[in-house]
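Novice: Taken in sequence, the protein lines are chains A and B. Residue numbers for the first sequence, in my numbering: 46 to 459. Residue numbers for the second sequence, in my numbering: 46 to 459.
Read the hints as simulated data drawn from the structure, not as lab findings. Please note that the accuracy of each hint is not assured.
All copies of an identical chain are treated as equivalent in the list; a pair is satisfied when it fits inside any one copy or across any two copies.
DSSO-like cross-link-like pairs, simulated, lysine-lysine; straight-line CA separation at most 30 Å [claimed, not checked]:
1. K313 with K365
2. K357 with K314
3. K368 with K274
4. K220 with K438
5. K133 with K190
6. K91 with K72
Quantities reported herein were computed from a predicted structural model and do not represent experimental measurements.
There are 2 protein chains.
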Amino acid sequence: MVAELISVGTELLMGNIVNTNAAYLSKELTAIGVSVYYQSTVGDNKERLKAAIETALQRADVIILSGGLGPTADDLTKETAAEALGKKMHLDERSMNRIREYFQRIHRKNITENNWKQAMIPEGATILDNHNGTAPGILMEEKGKTVILLPGPPNELKPMFEESVIPYLQKSNPKVLYSKMVKVCGIGESHAETMIKDLMDAQTNPTIAPYAKTGEVHFRVTAMADNEKAGKELVKPVVKELKRRFGDAVYTTKEEVTLEEKVVKILKKHGLTMVTAESCTGGMLASKLINVSGVSEVFKAGLVTYANEAKKQILGVRGKTLKKYGAVSQETAEEMMLGAVERYDADVAVSVTGIAGPDGGTPEKPVGLVYIGCYVCGEMAVYECHFTGTREKIRETTVIAALNLVRKMLLNLD
Amino acid sequence: MVAELISVGTELLMGNIVNTNAAYLSKELTAIGVSVYYQSTVGDNKERLKAAIETALQRADVIILSGGLGPTADDLTKETAAEALGKKMHLDERSMNRIREYFQRIHRKNITENNWKQAMIPEGATILDNHNGTAPGILMEEKGKTVILLPGPPNELKPMFEESVIPYLQKSNPKVLYSKMVKVCGIGESHAETMIKDLMDAQTNPTIAPYAKTGEVHFRVTAMADNEKAGKELVKPVVKELKRRFGDAVYTTKEEVTLEEKVVKILKKHGLTMVTAESCTGGMLASKLINVSGVSEVFKAGLVTYANEAKKQILGVRGKTLKKYGAVSQETAEEMMLGAVERYDADVAVSVTGIAGPDGGTPEKPVGLVYIGCYVCGEMAVYECHFTGTREKIRETTVIAALNLVRKMLLNLD
């Protein structure tokens with residue numbers, strides 16, 4: 046099966062946003078064995094959009110459009126796609142109610158007229174529910190072709206694609222794909238790939254695809270087979286070998302499990318409580334942990350002590366330590382960690398202090414220098430790390446490294 | 046002048062890399078008044094690439110291809126483009142020498158055969174020097190059309206584009222584009238657009254383009270003119286009118302200024318210090334503020350009190366308040382705010398407590414219910430908000446809302 050992607054939006058043609066949807070959709074489609082030969086991007090312009098759809102209909106089985114489903118005048122993907130397929134539009138009751146409900150939920154009294162535009166549906170179309178916005182997705186079948194319309198915002202497009210589109214496409218693709226994700230943390234991407242180069246070169250079925258994330262590398266092992274059981278059998282030995290090679294750098298083989306979830310899981314298992322003490326990451330570490338639903342039983346508190354005063358007042362870091370060694374030092378990281386443990390009486394504590402830049406670097410303490418303190422039930426260690434990139438990147442990498450370091454110390458409890 | 050972009054590379058169609066080149070080139074072209082109507086991406090496949098080039102030649106004046114200029118067998122952009130324009134290839138002496146020099150520079154003795162492929166140039170083509178790699182760029186003019194080939198790696202493409210392509214295009218396109226960004230916060234996208242529908246319907250030059258962000262709507266006002274001064278003149282009255290209609294919901298008209306930067310700027314201007322007390326956002330608010338470089342002079346501390354115990358211990362929230370009204374309540378938000386002010390002695394405090402979901406909602410207190418407390422130099426208010434979406438989305442929207450509410454209270458100081 047061949048799919049073609051059409052991204053709609055003048056903001057893409059003006060370069061105001063990077064087209065991450067195309068990369069996401071392509072990757073997901075490839076993963077379920079659907080080939081993508083063309084991606085194209087057009088603006089909010091009726092005839093150019095229509096031309097793009099007509100071209101796509103000639104060369105692909107499935108056309109996936111994203112963007113231009115909103116309530117405003119320049120959102121014309123739905124009308125144009127319907128026109129290209131020769132379908133009329135009608136006002137859909139159910140969609141109207143969903144929009145009404147949505148506005149009730151967010152306590153907005155006056156629903157502006159243009160919102161009803163989103164309840165106009167092409168005849169015979171299947172509606173794909175949108176749990177994260179008002180614009181429903183659309184799926185139309187016509188003369189052996191399928192045209193799918195998805196909302197542009199990634200946080201609406203992704204859940205809709207995974208919930209409604211993937212199952213639909215898999216039905217029409219008889220073979221099943223079975224995959225496992227081997228998530229590696231603490232090893233650089235190129236190094237990790239070198240460690241399994243022989244496996245990747247030899248791959249046919251299952252395939253091994255690397256995904257570089259900030260501070261992590263994920264390897265998706267995918268097998269195509271007649272049924273799930275056969276797929277499992279094919280994937281199993283490869284996953285086993287990857288785990289053997291990467292050792293405890295592998296924190297999960299479950300697609301849905303994140304590093305922070307893994308840490309929270311281990312904490313719960315041992316009935317431990319945790320606190321965080323952050324300087325340069327400024328709450329990103331706490332925020333990641335708290336994104337794990339139900340974390341409250343293990344996460345006691347997060348202290349964001351960016352200023353030196355706060356380090357003293359909130360964590361009891363000694364003035365002379367800050368004076369002698371500086372805020373970014375092994376000693377300060379250690380006192381932040383111990384202060385957090387003592388004052389907030391936790392079993393586990395992680396402290397972070399570093400220079401995220403762009404300013405503040407010196408020859409002795411360059412931008413990217415970060416100290417991470419980990420305390421686990423009496424065991425403790427302070428790690429010196431050197432990261433690169435923008436301020437944002439350095440902070441994100443630091444958070445991942447901190448989570449991974451505490452995870453590794455927690456493993457010693459088993 | 047109309048340009049079209051063709052990105053070449055199977056890795057793009059498999060979603061292994063995000064197409065940042067398309068965004069970069071589009072933005073740069075827009076900035077010099079060249080319109081982009083289509084972007085397309087094709088794999089390393091000769092006939093599909095040729096078809097894409099032929100289509101582009103019919104609808105654009107300038108076709109810019111990126112990628113597929115390298116030494117390997119699947120790099121066939123140059124050959125295919127030359128074929129599409131009916132041009133022969135010949136071995137270019139100068140390019141051969143450049144490649145030889147390049148390998149000397151990087152101290153590589155043996156130049157593999159396939160590298161000479163990069164010295165094959167279409168007849169009559171202009172060579173664009175590549176200072177950051179071996180593959181030269183190519184510029185071909187044929188029957189009033191220009192076809193430009195650039196290397197795929199951004200660190201090679203960008204310098205080449207700025208050094209060779211922009212000057213070439215500007216010669217043939219004297220017009221300039223001038224634009225301002227009106228950033229609106231606290232008004233929903235569809236409502237905001239309804240407020241200026243008449244202006245958007247009437248737009249020709251300048252144009253008004255809306256961009257929805259989480260919790261914000263940005264409007265770019267763009268004018269095409271003979272020079273920057275004339276562009277400014279055209280944009281000015283429109284921006285003025287947008288500001289009049291949206292009032293203090295407009296927090297900036299500068300493209301580069303973010304909401305958190307604006308808040309920090311106001312705090313610095315008045316010499317005020319700030320603390321944050323977060324429950325459901327778990328440090329995201331502090332983290333956003335701390336991403337503003339040099340925030341340390343205003344940001345004192347961030348308290349992440351997710352658990353009730355932490356709310357009591359760290360912020361002095363009373364047990365009976367939590368018992369009687371619950372952790373997610375006007376009263377708790379207020380005590381968190383006041384506790385933060387008193388204990389950490391700040392001029393400004395923002396507290397956040399809410400139900401981010403997916404669990405924990407009740408009919409009285411549904412998922413998405415958030416209380417935001419703002420304290421500014423004695424003035425205080427607690428806002429009840431209702432947000433929707435995933436846990437992540439609700440938390441992100443909450444952070445933006447909190448920043449905007451404190452910004453608005455800070456405006457009263459002027």
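Novice: Of the hints stated earlier, which fail here?
Specialist: Hints 3 and 4 are the ones this structure does not satisfy, whereas the remaining hints hold.
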